[in-house]
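Given chain A, put chain B in place with the hints provided.
So the protein lines, in turn, are chains A and B.
All letters in the first sequence, in the order written, are residues 1 to 683 by my numbering.
All letters in the second sequence, in the order written, are residues 1 to 683 by my numbering.
If you're looking for bench data, these hints aren't it; they were derived computationally from the structure.
One or more of the hints may lead you astray.
When chains are identical, the list treats them as one kind, so a pair holds in a single copy or across two.
Claimed, not checked - Simulated pairs of lysine to aspartate or glutamate, EDC-like, Cα-Cα distance not exceeding 16 angstroms:
#1 LYS360 to GLU299
#2 LYS100 to ASP64
#3 LYS360 to ASP383
#4 LYS602 to GLU519
#5 LYS340 to ASP636
#6 LYS602 to ASP499
#7 LYS678 to GLU649
#8 LYS72 to GLU89
#9 LYS568 to ASP521
#10 LYS602 to GLU584
#11 LYS660 to GLU536
#12 LYS523 to GLU604
#13 LYS678 to GLU646
There are 2 protein chains.
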Amino acid sequence: MSSRSFRSVFVVCVAVAVCLFSHGIFAQEQGSLPLMPLPAHVTQGEGQFLIDGTFSVALEGYKDERVVQGSKRFLATLGRETGIPIAAETAADKAGFTIKTGGPSDAVQQLGEDEGYRLEVTAAHVQLTAADPLGILHGLQTFLQLVRVTPQGFAVPAVSIIDQPRFPWRGLMIDAGRHFMPLPVIERNLDGMEATKLNVMHWHLSDDQGFRVESRQAPLLQEEGSGGSYYTQAQIHEVIEYARARGIRVVPEFDMPCHTSSWLVGYPQLASGAGPYQLPTKWGVLDAAMDPTRETTYEFLDKFLGEMTALFPDAYFHVGGDECDGKEWDANPRIQAFMKAHGMKDNAALQSYFSGRVQKLVAGHHKIMMGWDEVLQPDTPRDVVIHSWRGPTGLAAAARQGNRVLLSNGYYIDLNQSAAEHYLVDPLGGDGANLTAEEKARVLGGEATMWSELVTPENVDSRIWPRTAVIAERLWSAEDVRDVDSMYRRLAVVSQKLDYYGLEHNSFTLPMLQRMSGELDPKGLEVLASAVQPPEGYEREGLREYTTLSPLNRLVDAVPPESDAARKFNELAVLIAAGKASEEQWQKAQGWLVRWRDNDAKLEPSLAGSELTAELIPLSHSLAQVATIGLQALDDLKNHRAVSAEAREKNLELLKAAAKPQAVLVDKVVPSVELLVKASGRQ
Amino acid sequence: MSSRSFRSVFVVCVAVAVCLFSHGIFAQEQGSLPLMPLPAHVTQGEGQFLIDGTFSVALEGYKDERVVQGSKRFLATLGRETGIPIAAETAADKAGFTIKTGGPSDAVQQLGEDEGYRLEVTAAHVQLTAADPLGILHGLQTFLQLVRVTPQGFAVPAVSIIDQPRFPWRGLMIDAGRHFMPLPVIERNLDGMEATKLNVMHWHLSDDQGFRVESRQAPLLQEEGSGGSYYTQAQIHEVIEYARARGIRVVPEFDMPCHTSSWLVGYPQLASGAGPYQLPTKWGVLDAAMDPTRETTYEFLDKFLGEMTALFPDAYFHVGGDECDGKEWDANPRIQAFMKAHGMKDNAALQSYFSGRVQKLVAGHHKIMMGWDEVLQPDTPRDVVIHSWRGPTGLAAAARQGNRVLLSNGYYIDLNQSAAEHYLVDPLGGDGANLTAEEKARVLGGEATMWSELVTPENVDSRIWPRTAVIAERLWSAEDVRDVDSMYRRLAVVSQKLDYYGLEHNSFTLPMLQRMSGELDPKGLEVLASAVQPPEGYEREGLREYTTLSPLNRLVDAVPPESDAARKFNELAVLIAAGKASEEQWQKAQGWLVRWRDNDAKLEPSLAGSELTAELIPLSHSLAQVATIGLQALDDLKNHRAVSAEAREKNLELLKAAAKPQAVLVDKVVPSVELLVKASGRQ
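If we strip away everything but chain A, and leave its shape as in the complex, we get:
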């Protein structure tokens, strides 16, 4: 983990960069550097490097196929970013951009390889230097983020960047178990990961609702357990190559002993229950569990792990281990007898026994086991990596016990939290801040987790991006890079750049609105969509019943997890409530509210025409009402008009009602209007 020793240096450098940034020198309007993750050290120079059709790249130093291919992809992406035909060939001389690679990377990408790079841009030349191909790949992405259009054409500002990550494990977990995610989804998200310098794709490949990999050892896994949707081994190879080319490790997860219904359909002999099992259509924590007491279970798993550890070259192998409800164990007399005979007090002890056995199998296949929080027991071997989903306390406990750990608690991007919320979660925050330096060194980083109960290939990009870019920054940049305004400013630019990588988080909404409404130009629905969000956390499942068969084609599925319009309106409302808004900001806020108020009359008549939009009628009406209250509050504030306590309370009551989810959607304008109403009472 060579990168760690540099950390203190980075912190200092980044502090300088952030300081400059917050003083507006880098502010977007003034030709800033909208980089994400923010590099360790940035020094801006004079002038800019122009990009035209003569642009080419020369490779120097160590010859590496990954650098050659990465450079070609870089040129192709640059072509998309600029629309300039750029030959996708590297040139030996006369190139304006020189790439110098110090030496090789490991044949199989390893945790802790050097990922640093140095990028020097002057008006005349670009020089990218790194110790190995990984750093080169990262530096190329930094350059692409710097490209902007100017009065002289496309250009990159003169800059000197020295960069290296804070944490060596920066991951995105994709759950292909619940909703299968076809190869194009995986590949374009790997492109997005490369763009944001993430380096681990954790591939959640089995769960109750689906087993997603072709096994030749145990073919009934996919034949009976996938509903026909699984990755062939050739496709797995393709993805691993695709990821490696982008500096990304692929860590597979086969979740066991629970979350295993899909295994048990084809292999009921592994089960603790009587069976037969079917692929469940329900979500949630199900009872199905492997039987930890039979030797045949481990014989099966040993063969299976032998096959899968050979298929996936990464040194780490994730075996899940989360959320056992233990009901099948409780109900099985043979298992109860086994526990008694072996002095196991409870199901945790039984699971611990299972984890220990599996760990030995995994180690026998020369892999390092990973598991979710639950696998940690006092006797867990020290090399097992604990993946913390339940919170910072568990993470700190594992680190204290001597195990290496990863954080995902706080990075659950399926829960529709804001970018800011994820951004401010630090792997060394909470109890982690109290760790000793030695213990802190065991914190490898974290992973954004894209659980897929309520996403499909159509909208999954929107749940991952752009918010995962801020988690990528958290894991790459210095600990004190925490300016939320700067983050949102840069995120907007990076989000648009991710379009060049084929991601669909910006383009998915309109086609879904067209489909659900049957309208070619669903303008009114767009206005409604701008104000609402899916409920946060696990509230959605409580509002409506969802199964694997539920169409996810309604407004809640078509809007991003975080409403940009509502967030920006909230910024205005805060300023107005504090008496700090400019006239332009007042007008902007009023403009939004007028738009939301007047939309209902135009939209409402068409909503009943579709089964999918009919349920939006009350929501649209409510938004208009909220906006009307907001406009009244603005007017009261503007005119310093005294508002009676009763009138205010009545409005606050109405807002309270409007804050409740309708059609499984939350009106995110409500809190801002509440702020205005409250402010109007203080004058």
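For chain B alone, kept in the frame of chain A given last:
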């Protein structure tokens, strides 16, 4: 050509359908059938067939792999159209949709195979019947076009359709020679072709600027002649399979003896000039020509044609033959001597000799030769198919001479003409209308031609779609299906449906505007874009110099060939000028004009920030001025105010100036405003 004998029946049926349509029974607002191409016979029934998660398809009759795969793709497309998870497996029983295939198609798809089908939809069941798999594939697409969202959910209206094409050859030519078009471009356009029942992809695979196929016989063709951008033989196989699965033949074209610079780079011994040759960066008619006088030319071609006729299984083989300027022949004394010795009066005679030799080579490899107009000579064998690009007169002449013919004149979709213009061009229009029945039977159909000098993979979809759908209708539907209003109404729906096939004609504009402006939300640029179009015909090349190296990343490249907003505004202007507009239409027209007028003040300040948009400043200003004139005219008309002749003339002068292209763009609002100004003078 079994389909031809049914033509008279279709004409009658379609006349009924069109008649119903024009009376509004099928009007979009009233639950119409937005089908394109319009089927031969449509009878609407009562009720609708609901589509939900239980939807499945059962296959009956002849078992055919193309039907199995086509049904799976159909289910996947239906899933995208509805957002409902539909299992992509066909079910034997209990299916709501039964497909009955009469018998097999030919192993290699042939010209004139039966493409008819019968689709019966009731509230309870769907039955699709066809004599062979081709008809089934077409019928599935008809069903997909019928899907709409209703208060009961997604549904298809009860309907009985009997359908069959008018012409057996309905093609789209894609020029991959000028700008290389990567496989995804080809494949998504094949999907669009399937959706609109086109059945021939004519693949223009070589031209001066690039030779695009891997030849193993003559590898310098691609090694020296492609700049690295060519299709491998494996990719050719993939495309042919992909097309065949969709009921589409692939006819390759290798253009010779001219348009051959790219061949001559690697094989200068084929040339009439002295060489050496380089890949030209210029567009247009170049001088490079093969040497028709040397036996070695034919020896080379015989081997090459042997390889390529084996690679492409279709019975037809296109050898181009267009646009020889003859300069290299004139300048070569040896060629001149040859011509004299053989009594050849002119270069046409020399080319005729070449065509005759090549025809024998093609025939020797058991293929039927096709060529552009120029290959037709009095002694051209009767089985050669003439591809008419120069006009209906040449087409009729070929048919009279006994050759079969295809029309592309009028279908040049690279020339930015309106959908209506293409729509009204008929293969049997012009001189073709004077042909005898026997001669008319030689008119096989036509092809939309996507020449690629001024398109890239990024915007090529927008030049092909949606306009090619109206050419598809011209070639499939009855001759008297010519209602332009109905066409535009249905086209809007079909255009949106093409999004489900992955086509980018609706989504390409915004990313290009973002890129050229550097703005995340380029609203002002969108308003400007809504009013302008690329110049029609070949005017663009006269306004600016373009080479193979020119970036195609400006506004002219980012707007569709036909402005929907300007077209709709024109409809309003026509009504207003005729005194037939409703109050709502007046307001709508005024709304557009206000938007265009007020846009300049908001947009102008940002345009100078980018080299790519700076040139738009005068255009934006001019649009505002045009809109101001339009608003004045509206106001004059509304108030029946007399307008002085001088004032009117002054405005017409200004409009005349504004009608001239600026920044290689045409302001399409000008003619409508001119109409209003002229009308204001008549009162």
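For each hint, the structure was consulted:
Taking CA atoms no more than 16 angstroms apart as the test, LYS360 paired with GLU299 passes inside one copy only; the shortest distance there is 12 angstroms, against 69 angstroms between copies. For a Cα distance limit of 16 angstroms, the shortest separation of LYS100 from ASP64 inside one copy, 11 angstroms, qualifies, whereas the shortest one across copies, 56 angstroms, does not. In the homo-oligomer, the alpha carbons of LYS360 and ASP383 lie at most 16 angstroms apart inside one protomer (12 angstroms), although the nearest pairing across protomers, at 75 angstroms, exceeds that limit. Proximity of LYS602 and GLU519 under a CA criterion of 16 angstroms is satisfied intra-copy only: 13 angstroms inside one chain copy versus 29 angstroms between copies.
Taking the shortest Cα distances, LYS340 and ASP636 never come within 16 angstroms of each other, neither inside one copy (72 angstroms) nor across copies (97 angstroms). Taking identical chains as interchangeable, the C-alpha atoms of LYS602 and ASP499 are never at most 16 angstroms apart, the minima being 32 angstroms within one chain and 26 angstroms between chains. In the homo-oligomer, the alpha carbons of LYS678 and GLU649 lie at most 16 angstroms apart inside one protomer (9 angstroms), although the nearest pairing across protomers, at 60 angstroms, exceeds that limit. When the C-alpha separation of LYS72 and GLU89 is checked against a cutoff of 16 angstroms, the pair qualifies only within one copy, where the shortest distance is 6 angstroms, while the shortest distance between copies is 39 angstroms.
Taking the shortest Cα distances, LYS568 and ASP521 sit within 16 angstroms of each other only across copies (14 angstroms), while inside one copy they are farther apart (25 angstroms). When the C-alpha separation of LYS602 and GLU584 is checked against a cutoff of 16 angstroms, the pair qualifies only between copies, where the shortest distance is 14 angstroms, while the shortest distance within a copy is 27 angstroms. Only within a single protomer do LYS660 and GLU536 lie at most 16 angstroms apart by alpha-carbon distance; the minimum there is 12 angstroms, versus 55 angstroms between protomers. In the homo-oligomer, the alpha carbons of LYS523 and GLU604 lie at most 16 angstroms apart inside one protomer (12 angstroms), although the nearest pairing across protomers, at 25 angstroms, exceeds that limit.
With identical chains, the CA atoms of LYS678 and GLU646 are at most 16 angstroms apart within one copy only, with a shortest distance of 12 angstroms there and 61 angstroms across copies.
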